[in-house]
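Undergrad: For reference, the chains in residue letters:
2 protein chains.
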Amino acid sequence: MSQKRIAIFGSTGSIGTQALEVIAANPDMFTAEVLTAQTNDALLIKQALQFNPNTVVIGDEKKYLIVKEALSHTQTKVFAGEKALEEVACLDCYDMMLAAIVGYAGLKPTLCAIELGKPIALANKETLVVAGDIIMRKAMEKRIPVIPVDSEHSAIFQCLVGEGRNKIERIILTASGGPFLGKKPNFLVNVKKDHALQHPNWSMGAKITIDSATLMNKGLEMIEAKWLFNLTHEQIQVVVHPQSIIHSMVQFDDGSIKAQMGLPDMKLPIQYAMAFPQRILNNFPRYDFKKPNTLSFEEPDIKTFRNLALAMEAMRQGGNMPCILNAANEIAVYAFLKNRIGFLDMTEVVEQTMTKIPFIETPTLEEYFETDGEARNFAASLIHM
Amino acid sequence: MSQKRIAIFGSTGSIGTQALEVIAANPDMFTAEVLTAQTNDALLIKQALQFNPNTVVIGDEKKYLIVKEALSHTQTKVFAGEKALEEVACLDCYDMMLAAIVGYAGLKPTLCAIELGKPIALANKETLVVAGDIIMRKAMEKRIPVIPVDSEHSAIFQCLVGEGRNKIERIILTASGGPFLGKKPNFLVNVKKDHALQHPNWSMGAKITIDSATLMNKGLEMIEAKWLFNLTHEQIQVVVHPQSIIHSMVQFDDGSIKAQMGLPDMKLPIQYAMAFPQRILNNFPRYDFKKPNTLSFEEPDIKTFRNLALAMEAMRQGGNMPCILNAANEIAVYAFLKNRIGFLDMTEVVEQTMTKIPFIETPTLEEYFETDGEARNFAASLIHM
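Heads up: the protein sequence lines correspond to chains A and B, in order. Just so we're aligned: the first sequence equals residues 14 to 398 in this note's numbering. Just so we're aligned: the second sequence equals residues 14 to 398 in this note's numbering.
Simulated from the structure, these hints should not be mistaken for lab results. Treat the hints with caution; some may be incorrect.
No copy is singled out in the list; a pair is fine if it fits within one copy or between any two copies.
Stated by the list, open to error - Simulated pairs of lysine-lysine, PhoX-like, Cα-Cα distance not exceeding 25 Å: (1) K196 with K303; (2) K17 with K151; (3) K206 with K351.
Please model the entire structure based on the sequences and the hints provided.
TA: Okay, here's the thing in structure tokens:
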């Protein structure tokens, strides 16, 4: 079997660096063909020197010369800027894109890869939240698989292997509940960034860790799942499972439930998506059922964690509403991370933006882009950014 | 799609009657083509009048005339006696055998069906415990599937759909622990039949309910799993899970675990085995994760429930040792059900028989039959039956 050439869009983030660990551990299976970073030139250079990719892109154009200089003695091509991300995504030099750019910025390169007919390992849930209908329709047309990297969606994807997609009764997304499980608004109002960044189970990037603390992450995952698995909103259930051992479940129409489980470790779903349909032997730590232990389940508290209720509402309404939700949320989370607004203010920003931006039932891609821009501007104006 | 003609060997038992409920609920998918019973002529007649099978067999020859007379106005052929079970199993008038005869008696008809090239829905674990190597080799030669009906093995089978069989790291069989979970020998010594017949989660026949109370059932299931899924004894782990919601699990060699779950209801695995590779929509009650609930896990207490340790030892030794274990256990359980011996005496009977009957490393089918007879005789002599 020849090596699979991976283009990692977002190679210096949490998913990207773990994907490179997987590639380093399986040099007979994978090469890193494209690496891209937004601002972290130092790590991008280090990665390029180790993995010797065909091409690297640094998003921040001011850092082009630094990267170019550092790699001048290598064969690696260096590009810079947002436009270059798209152009490189359109180059037919890789076999699979790992779409690991955080947020809305991951959308356009992913669309390029799909147009090119490349399988997608999708770690960027915003791509589907914003424009899931267009993405999945294009992927269907091009007959390319979109393999989720999110642990929950990877779990569902794994549970569906060998099963009929039309036999899904519902999916059950598990949520850890985040660091503030069981807390009430009078506690949350005072939560600061450092506290919210301490996730009990998963080691992830800053944006997704805040989204986990507000439960917005689970709401985005519901929308992502709707598109990935072609479900109605009634077929998607969220259950709080604080131990994060069951990563998610599928209930089939005969009542049988399949779950995928394991210790929380993002390397497993990353590796699974990259190697699918194979599994790769590894020595990651195993979950030990012999130790006395319990797995617990409860309903999410959507009265306290209102972001989840807003996401459910956006999913129910459809159209450009999830795009509005996502754009406002990105602005709100970054404002919170900069200590500009409080924890509960994030919900206010999202809710007000959802009320303000005009609803479009069946947006075009251009209308999604416009909606995104309008929602960001309005959300930023609320914060006086 | 034409209907699948099912031959139910053991139609009046717990599995058989539930299989007929599945057939009655799905008349477009299944017909009951053969029904057999050991002694329950009244129920066999009733079933034959309802399902209009091609053939029925009553094991107890004294009841032949009763059954023949009752069905004389129908097209159904009536046979009697143990030999007739085998002969009917060899008739090419059905598409799948549901092997639901309890105990060793199910072995020979199952072998006939395999020789005939008929897929097996296997509810009779003793068939594999006694002669799993021969059964599975023949099934492999004939390229017919052996689809388990036991909830645990059905769970594993379902988890393996679409996965590589060579990617199994281990399987984790869950055990409810039975009605005496947490009890110690000083309690068990006084246990009576009526108490042991009250299983906390599952509604099953008497033999298997006692085997569940002693944990011998889990031991037999380990051996069954070894053959069904071509595993080494080191790859099979038992975990006590008192809620019986997770029916069993597979851990793959990338560390990912798949579990199959649901409310304990034997109709689901029966239906799954009969309909495989399809799933049949039904309205069986669903497990509700929204209610606060916990699933717990602990190691089995094999010092107290020594039957499980004996079964593990028989599996480890291989050869005719599982056959010896099974034969002695059948004698011991029926003696206990007749109040001839105590609860802990069952273990003594099995252990002594395992020590006494000569070990054969690679038995022929004839040697299995001989071993079975010798072990039964010896076990019976211990009980003075």
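Undergrad: It remains to establish, for every hint, whether it holds in the given structure.
TA: Here's how the hints hold up against the structure:
no.	hint	verdict
1	K196 with K303	between (32 Å within a copy, 19 Å between copies)
2	K17 with K151	within (23 Å within a copy, 40 Å between copies)
3	K206 with K351	within (8 Å within a copy, 69 Å between copies)
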